[in-house]
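A.B. asks: Order-wise, the sequence lines are chains A and B.
Under the working numbering, residue 703 is the last one in the first sequence; the count climbs by one each step, no gaps.
Under the working numbering, residue 1958 is the last one in the second sequence; the count climbs by one each step, no gaps.
No lab work stands behind these hints, which were simulated from the structure alone.
Cβ coordinates follow ideal geometry from the N, Cα and C atoms, glycine included.
Check before you lean on any hint, since a few could be wrong.
Said to hold, decoys possible - No farther apart than 25 Å at their CA atoms in a straight line, the calculated lysine-lysine pairs in the DSS-like style are these:
no.: 1; chain 1: A; residue 1: K94; chain 2: A; residue 2: K320
no.: 2; chain 1: A; residue 1: K94; chain 2: A; residue 2: K267
no.: 3; chain 1: A; residue 1: K50; chain 2: A; residue 2: K488
no.: 4; chain 1: B; residue 1: K1613; chain 2: A; residue 2: K488
no.: 5; chain 1: B; residue 1: K1613; chain 2: A; residue 2: K363
no.: 6; chain 1: A; residue 1: K267; chain 2: A; residue 2: K622
Unchecked claim - Some residues of chain B that are not near chain A, with every Cβ distance over 12 Å (derived):
no.: 7; residue: R1606
no.: 8; residue: S1665
no.: 9; residue: T1952
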Amino acid sequence: MTKMNNEQVAASAATIRAATDVGGTFTDLVYFVTDHSTGEQRVVTAKANTTPPDFERGVLEVLMRSGIRIGEINSLAHGTTVVINAIAERKGVLTGLITTRGFRDSLEIARGNRPDFFNLHYVKPEPFVPRYLRREVEGRLAQDGSERWPLQLDELPAIIDDFRHEGVQAIAICLLHSYANPAHERAVLEHVRNLWPEVSVVASHQITREWREYERTSTAVLSAYVQPIAERYLTRLSGGMRERGFGGQLYIVQSNCGVDSVEKTSEVPITMVESGPASGFWGAAELGRLIGESNVLALDIGGTTAKCSLIEGGQVKITSDYWIERSRLSAGYPILVPVVDLVEIGQGGGSIAWVDDFGKLHVGPQSAGALPGPAAYGRGGTAATTTDANLALGRIDRDYFCGGEIEADMDSVERALGPIAGRLGLDITEAARGIVRIANNNMVNALKLVSLNRGYDPRDFTLVAFGGGGGMHAAALAAELGMRKVVIPRAAEVFSAWGMLMSDLRRDYFITRLVSLAPDQGAAIRALLREAVDGALTQFSDEGIEPERISFRQYGRLRYENQEHSVEVPIPDGQLHAVAIKDLIDSFHQAYEREYTYRLDAPVEFVGLHVVASAEVGKLEPTRLAVTGRSLEDTRRPNRLVDYATEGIHEAAIYTGELLEPGMSFPGPAVVETKGTTVVVHPGNELTVDDYGNLHITLS
Amino acid sequence: MSQTQNQATVDPITLEIIQSSLQSISDEMFAAFRKTAMSAIIYEVLDMGTAITDASGNLASSGAGIPAFVGVLDKAVQRVLELHERDEITPGDIFATNDPYYGGVTHLNDVVLVMPVFAGERIIAWTANIAHWNDIGGMVPGSISNEATEIFQEGLRLPAVKIFDRHQPIRSVLEIMKANSRLPDFLQGDMWAGVAAVRVGERRILELIDKYSAETFSTALESFMNYGEQVARQALRELPQGLFELEEEQDSGATYKVTVEISNEEFIVDLSDNPDQDAGPNNASRDGTMVAAQMIFMNITGAHESANAGHFRPLRLLTRPGSVFDPRPPAAFGTYYEVEIRIYDLIWRCLAPHFEKLPAGSFASICGTFIGGRHPDTGRHFTIVEPEIGGWGGSVTHDGNCAIFSGFHGDTFNCPAEVAEARYGLYVEQLALGEESGGEGEHRGGKGIVLDYRVRADGCFFTCAYTRNKHKPWALHGGREGSPNYVEVIRRDGHIEQYAVVTALEVNEGDIIRVHTGTGGGYGDPRRRPRDLVREDLRNGYITAEIARTVYELAP
């Protein structure tokens, strides 16, 4: 009894917000304890092995291991790769598909493209539903949603019987023009539920209201394919948490970098497809708000991949043009769900360097992973990785490798770099520089894809770099792109978790609807908006969220008549009179010209809406770092020689990151070391520490 | 370490970084072009390409898009250089050509824009793009007619002329271009998209030169082409050597002949012994013939990364002036693409029995389909100009792909039915895999498609020119040949007409235009196909019970 009371006291004296992230190798836990009396904030991290296929075990394990009292957690944000794993490993359930007469092969026909176009042995991605489980129903809508001929459901019982007989566990429904009018899909959905109440079933309009039948079919099919697995996972996770005394709020991280409830996520789990990777970008936008940087290029460098995204005016870009397994070599599969507009490349600390038959040096996309890991781990890795090159150049401290937890095996590093140097006709140092330069160049190209290729000049942006490898490369990348400022967040290696804890409950609605932009069409657009907003309000209120807590942002998707790609422009509140329509068109011309360098004297049309609904659900309150008056001198370690690749070798000042305090500043060449990251400060750079402990690097 | 190395000592890493930047610049040009183009055939079908060449017009890198456009743009730059005095070319200029007699390579609808990049007074590179413009004038809407007998009937000729002078559009030229098109707004929009793309490329190259110096940039280009050549030569040494020959009768009744001679040093394609140039539009320019040869050469010796001028150095092409593969003015080129894909398929077929890398024959036609008329909902004129997808042949390791664009196309996308119905005012009644038999084999050919367009307004037109109609996709090593490409027009009264080639056929409300594309050829004896796969094919409806029993000899 007494003990209980103590716990209650402890609980009320502090707020604990936790985030767990299930990665390929490890399941991470980060929690922030905010002490109400002192205002101090502590960050605690823990790790456990990821436990496929029952991923929830790893989550529960890491919670137990961390020593945290589960009952004291106020809220837990959870990022999981359960959906993307089920798809990548083809471990979903046997799925049946119901389409409009004449379109069952849409899934197999796809779009007919062949990105690896000189390869005559290209193999088209295999459809997730074999042809014998793709069935059709009679009935047809036109593109405006009107009915051409009525839906016939008389064949449905036989189809469902077949599906049962074949062992189908989930059914996807996608009918033509359901984005304009979901009535036929709803009827089929209802009928399937009546005929077979236990089966998992989803209709395309429940996920997306955008046109393009192949993309929508693929979306519905992939959603059905993972639905039973995701549902089971979420049920076990929330059940397991409750059994262990969890009474707080459990939120699932979504691909649009918002969070959502377990119930809502279970309905359409495909929205979790990029759960996790998105959070760092949300974090970068939040951090930008905190420190007054609204235009941010955000870069997350991990062990095997680097991801980047562009944030403009404080807003993370969300698109529904998302494909999995798409590359220069494969067409991939589309999923029309709101996903952070990010580019991911196989480039991280563990990326392997290699020389091809023609003497060209490459880095990645193969990675040494956690096992055997870089040669420096001394676990039998014989391939040289970017991390090994960084060690060889003294950029990473060989005596404080992985926060001192691993003794860097420098003999292995030399043995691994030797053959590469030999093939290139260079010495080992030059080869290591080459690896770092090539790795940097690969990341520069990824950053260009999200900026220059989309019409943005990186020089107008601040680079926010995080993940274990962010600080190592950021200053060099910024210099390459002509950017003037880099910010490395405090606790950069767990920054994604911070982002999860800063997220709102957020939903993105994309709706295709062609409306002319004649001066008198304001009412039609307003009505469409009303429809989207009402739908969102209903969804939120079903979950007990009051309307006044919800904020909306609304965008029109406009284009020149006959173009394909639309540009999003904000729609102002209030009546859309002729003047407002004209303003809308003007802002389209402006946005278009900024992105594409010219404007046309051509009619503009409205092709749809993007509505963002969000509600705050209790974010982490960022706190300022205490200033103890420690001198900069007290944060230093012995100088060492660091090779800055193209800038040569310099004697660098070395600082202990954990000891740095707000207001401190120093010039490069320098290196800041923490347990989790290394920040390389180049000659000519100036570093300052802000009130929150973030490192700001200004380039000359 | 300073960036003051001279040409001889530029380190390999810097060269590599410049080379990969070239690729990313070509891709950025491609992205800019695609996003801003006005015509579906550009932004959705991606009938377009982008490239960078060196100062003398040697291909350095190319963007995504379609392989048939990779080797086109260098030839246009070379022609512009031939036709202009050096002092006529100034920074900010843009030149246009669409004429195969002036470096345009393909047909008048494909307009190439090229822009010089200057380092000081000196041209250091060119940026270029090509795209299919919907209507460039000529005797029919869409400009391509099977009836044309002279290039003059196929639209406005842009003979490698300047259209922008020192960054400024030359208004008079632009007005001439617009006045010659039935769709001047499209023409204007597509032109500006192309202009934006070459300008983005120019800007990025200038940034590279600024950073690394013009000398280093040129060294990187040169070493990149040497790399391409190395890749090609290494692959060449691993090919079967000798003399390979093939004669093949065409749907038109003509016979095409090819000889390919492969040695350690050269890959010689000899097409000299071929018919005189066609009186209609079924001609391929010599440059176009070269593109077909380059494509098959890339297919067997390389990958995208090395597709530059160096890679093509071991390739030699022999043609006869005045022949269908090297015609003289004023021969027409409207359906050049069916001729070019026939050459491509001919060389492929000639080598396939000896090269494991080559699958059996595919539907191998662009199946160019043109439908136009008045949109019943908007009243505006619409034109569909689209290639079709079809079946590919089986290979040594796999069944052929179903429903994929021909070897001429690459990252090309078909038009979704939902978009087509809104945009064109037709109904798409079905888009399904074809039901015809053919292509049986140990590895079977992939299925073609059946695509129904139901016309919603009177007075629309339909034009097509499909090959592989009479002569079906060919098989390999005991497989069965595939099925033909053709179109059925099903009139409202139920009467059915069948076409492979037709020009401006009138179609009216309620008529159905039903496109059938071929199943690819089979590879290997069908009786050797594993029984469980035959049963699976049967279950999936890829084959009938009859075929399973008679061709695959599946025991009941």
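A.B. asks: Compare the structure with each hint and give your call.
C.D. replies: Outcome of the hint check:
A distance of roughly 31 Å separates the Cα atoms of A:K94 and A:K320; the hinted pair therefore is violated under the 25 Å criterion. For the hint linking A:K94 to A:K267, the alpha-carbon distance of about 23 Å falls within 25 Å, and the restraint holds. Between the alpha carbons of A:K50 and A:K488 the distance comes to roughly 33 Å, so the proposed pair goes past 25 Å and is violated. A threshold of 25 Å between alpha carbons decides the hint, and for B:K1613 with A:K488 the separation of about 20 Å falls inside it, so the pair holds.
At most 25 Å may separate the alpha-carbon atoms for a hinted pair to count; B:K1613 and A:K363 meet this at roughly 22 Å. With a C-alpha separation of about 20 Å, the suggested pair A:K267 and A:K622 falls inside the 25 Å cut-off, and the hint holds. For B:R1606, the non-interface assignment is contradicted: its Cβ lies about 8 Å from the closest Cβ of chain A, within the 12 Å cut-off. With a closest Cβ-Cβ approach of about 21 Å to chain A, B:S1665 is found to remain outside the 12 Å limit, as its non-interface label requires.
Every C-beta of chain A lies more than 12 Å from that of B:T1952, the closest at about 22 Å, which supports listing it as non-interface.
Checked against the numbered hints given earlier, the structure breaks hints 1, 3, 7 and satisfies all the rest.
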